[in-house]
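Can you make the complete structure from the sequences, with help from the hints?
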Amino acid sequence: MALSERPLSVPVEGGVVLEARVREAGRKPRGIAVVAPPHPLYGGTMSNPVVVAAARALAELELRVLRFNWRGTGRSGGTASGDLEQAAADYSAVVEALIETIGGDQQAAGALVLAGYSFGALAAARVAGSRESARCLLVAPPVGLVGPEPFRALAPRAAVVVGEADQFAPIGECRRAFEAAGGERLRILAGADHFFSSVGAERLQAELAAAAGLLLEGTRPGSAAQDRGRPQSGKPSE
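Under numbering that gives the first Met the number 0, the sequence shown has 174 at position 175, and the numbering climbs by one with no breaks.
Computed spacing ranges between beta-carbons, pair by pair: (1) PRO10 - ALA189: 36 to 46 Å; (2) GLU99 - GLY25: 11 to 21 Å; (3) GLU216 - GLY25: 15 to 25 Å; (4) GLY103 - GLY81: 25 to 35 Å; (5) GLY81 - PRO6: 21 to 31 Å; (6) SER8 - LEU40: 14 to 24 Å; (7) SER80 - ARG130: 22 to 32 Å; (8) GLY128 - GLY81: 14 to 24 Å; (9) GLY181 - GLU61: 19 to 29 Å; (10) GLU131 - GLY182: 20 to 30 Å; (11) GLY73 - GLY199: 21 to 31 Å; (12) SER197 - ALA107: 36 to 46 Å.
Honestly, the hints are just simulated from the structure, not real lab data. For glycine and all other residues, C-beta sits at the position ideal for the given N, C-alpha and C.
Below, the structure written as structure tokens:
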């Protein structure tokens, strides 16, 4: 599936403008989603294949999807850094910009999914902490580098996709961090590492769509499930 997108410029703190692209949903969108790329100092951009797969997976689920570049990457202004506080602030600004594209009423728009890959997952988790109705799609969250605490409180409203051999997200630590997620919302891809280089694009996209789909069960604009922000869990992924 090709991504049919339009460009969007997002002003953030310090007079910097971030490059973003938005894929419109159908006439009855299920909600909105933002996808953040990996670490900007290590080549993380919105063109990363994992980021593109996540955007496509979320688009499959009838969400309006925005992906963006961090400061100093792609056509975004500013200087690239690994400052998580700045990244979270920029991510929040991107979320607000996406909400503005639908008239500024996120409640009426349906579900809000905050997604990210690696460093982007960490930023998404940070932003979700201040948005109780948001759901999180976290791809290879670096639990091994930061520990489980940044993620534990979010586990009931998160879905996680991680490689079995991820050197930055050991499976044991992921299970501890996301124990409250339970079920199939912790999806472990056999043989995959942090970069998912051994996983074909179609398989990765399918896994991401399956994980996000579990987050969105029963959600439509104005639904009670959206307000609760606590999807049901199923069986553990193998």
